[in-house]
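Using the hints, position chain B against chain A.
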Amino acid sequence: MKIIETNALTRRFGDLIACDNLSIGVEQGEIFGLLGPNGAGKTTAIKMMTTLLPPTSGNATVAGYDIVHHASNVRRVIGYVPQLLSADGTLTGYENLLIFAKLYDIPRRERSQRIHDMLSFMDLEDESKRLVRTYSGGMIRRLEIAQSMMHRPKVLFLDEPTIGLDPIARRAVGDLVVDLRENYGATIFMTTHLMEEADLLCDRVAIMYKGKVAALGSPAELKSAIGKEGATLEDVFVHFAGSELESEGDYRDYRETQRTRRTARRLG
Amino acid sequence: MNSAILGTINFFRKALVIVELEIRKMRHDATELLMRAVQPVLWLLLFGEVFAQTHAIPTGNISYLDFLAPGILAQSVLFIAIFGGMSVIWERDLGIIHKFLASPTPRGSLALGKSLSGAARALTQAVVVYILALLIGVKLNWNPFALLGVVIVIILGATLFSAFSLIIAFLVRTRERFMGIGQVLTMPFFFASNAIYPISIMPPWLQVVARGNPLTYEVDALRALMLENGTSAYGLGMDFAVLVLVTVVLVTICTYLYPRAAT
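Protein sequence lines correspond, in order, to chains A and B.
Numbering-wise, the first sequence is residues 1 to 268 according to this note's numbering.
Numbering-wise, the second sequence is residues 1001 to 1263 according to this note's numbering.
To be clear, the hints were calculated from the coordinates, so they are not data collected in a lab.
Possibly wrong hints are sitting among the right ones.
Said to hold, decoys possible - In silico DSBU-like links for lysine-lysine, alpha-carbon gap of 35 Å or less: (1) Lys228/A - Lys212/A; (2) Lys223/A - Lys2/A; (3) Lys102/A - Lys1025/B; (4) Lys210/A - Lys228/A; (5) Lys129/A - Lys1139/B; (6) Lys223/A - Lys212/A; (7) Lys1025/B - Lys154/A; (8) Lys212/A - Lys129/A; (9) Lys223/A - Lys210/A.
Chain B extracted, bound-state conformation:
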């Protein structure tokens, strides 16, 4: 029992060392994060302002920009996470990953740490989206518990899609193929979700796809927590349950694929 507890502590401590490593890297190169922030800005300012004029999309009791802001936050989390796998391909082409795998670090800590570092990057994007949302008059909820909830949802969402990205990276193994697949996958995740329009306006078959898309639950939770008049369509309990479950499954798969990177 005692050794199980020590093992668990060690597992999470080592994962946090990996996160620390990634945060240190991020600090040395902040330009990439700034570049990444351009995309959500464009979506909110261009796409958002145009569609807010048309009143074509039914968003219930909130304005379209209010509706869109959590969707764009989720999108920027998705985009920054989905290309995270690129770094392990890079680390494998060099010998960095080999050195980590020859160290006593548990494989699961490497997988979880790498996935969690996507969350660290995603949180920087959240700051940008919040500032922008404030500027364009989105009615944000500043309740500290709601903010904490937003942070947790972002961490879960980013970890989930980072783990997904790592799995793809371990399977395709080359940068070129990864870039191709990354592009192909982000679009369906984004458009087959409730990020920029409600699921109710979709054709039935696409509604089924969207209900199976973890991004939908991330957006749903963000919409409930981030906005002053926000509500959740599926319930926060359901949203969190789906996000936690999918994250655990993906990080576990990632743990088993990690050692293959050194062979």
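Okay, chain A solo, but in the shape it has when bound:
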């Protein structure tokens, strides 16, 4: 059984088809990357799989549960780190974890141990009593990932986990993603628009363009598929998604950009 399976998953916003007949399968224990330029529909896809957004048509299962009909079961077995800033800056790191430990029904007697383990795994022990708004961008991301890993989810969804981070913090988050799979056996589903990141971390990638999957396979497979000597994933991307810059905007673009920039600024 595939741990994530989507079947012609589609979401429209008015005339815009943000996610168009997405059909992919993710194996247990895989690090799967959804790649694409801004506005390709990656976030829409991930929001549907995490039950935040109902699909217009099509369906999907996560860990065997239907995302529409068994949404609450899905929520129990997934972790989700949104692209936007999701840790609460007005609480301490410890409190951010405590609240989520309670919301995820981690039994009282295990709670402090779990929180402690997560803090030490994320190397945040010394800062746990400080308000999160004093954290660096990389620390916030680690805390957010800790929040969504405490209940040992089967699948961790990371939406642009390295957006707005400097190269060193980006590298640290990348290492962390690999560690999470090693230590907790989680399947990781991530979106990114950074080719080198996907190349380095992902077992398989799907390249999404204008709501559709343009290519799917391991980075090596995709590189050899375009038949160019010494191709990079960047070349693959350009091959399938075209090199044109986003030409037409719509009403969602401005807000998206505003949010992304704001997130980047807060993390940076």
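The following block gives chain B in isolation, referenced to the frame of chain A:
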């Protein structure tokens, strides 16, 4: 049956986790609550003292300041609750709300918890109003059951108006529009009620509006419970029934609107 009970326990337990979250936030930033307390102080000290001199407002067997104190308590509860929706707009602009909605927390617990946290904030205001009322010589009722009644009325009133505020926030979605609408709505709630004058002196059409305003019943209950010689115009049973009913309806609407915040 058994699972229904467990579900209900889980529902309220999760709502309380949300309240705990908000109380923890409040503890880290107490300045906002102090700032909020300025307004009721000004109303009681300036407006109250002036109108107490004029004897222009018929308040029955109690003094105008006695009459006003419960009204100002209700007002400060209203004001602190009505801007509570701002926080969900903020949480939505960041990604905080998305993370809560992707967790197994029931939507109703999120709606109720957020609304109840308005009550936690409102109770801090009640302490300020009580201290001030004591200082200016309002004849307060210190019977423990009456005090408990006051606490319950404040919790209900704050939850009600917080839920209302959340609904507005989910509908307008941006901070600017929310601030505008928040300002526009608090005034009619406040002035078309019995908070600072009795309904009997209003023109008939406004009396009808005031009788439909939940704040009127909150003030009425507070006036009966908070004051030594307090009486209720509509009966405490009626007051509580209206407040509970409206709160349940608004929190339910809020529950259905909550998931839209993540789309």
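Verification of the supplied hints:
Distance check on the hinted pair: Lys228/A and Lys212/A sit about 24 Å apart at the alpha-carbon level, within 35 Å; holds. Among the hinted pairs, Lys223/A with Lys2/A is consistent with the structure: their alpha-carbon atoms are about 25 Å apart, no more than 35 Å. Taking the CA atoms of Lys102/A and Lys1025/B, the gap is about 16 Å. The hint holds against a cut of 35 Å. For the hint pairing Lys210/A with Lys228/A, the CA-to-CA distance comes to about 24 Å; that is within 35 Å, so the pair holds.
Between Lys129/A and Lys1139/B, the direct Cα distance comes to roughly 45 Å. Violation of the 35 Å bound is thereby established for this hinted pair. Simply put, Lys223/A and Lys212/A have alpha-carbon atoms about 19 Å apart, close enough for the 35 Å limit, and the pair holds. Among the hinted pairs, Lys1025/B with Lys154/A is consistent with the structure: their alpha-carbon atoms are about 31 Å apart, no more than 35 Å. A hinted pair counts as satisfied when its Cα atoms are at most 35 Å apart, and Lys212/A with Lys129/A does not qualify at roughly 44 Å.
At most 35 Å may separate the alpha-carbon atoms for a hinted pair to count; Lys223/A and Lys210/A meet this at roughly 21 Å.
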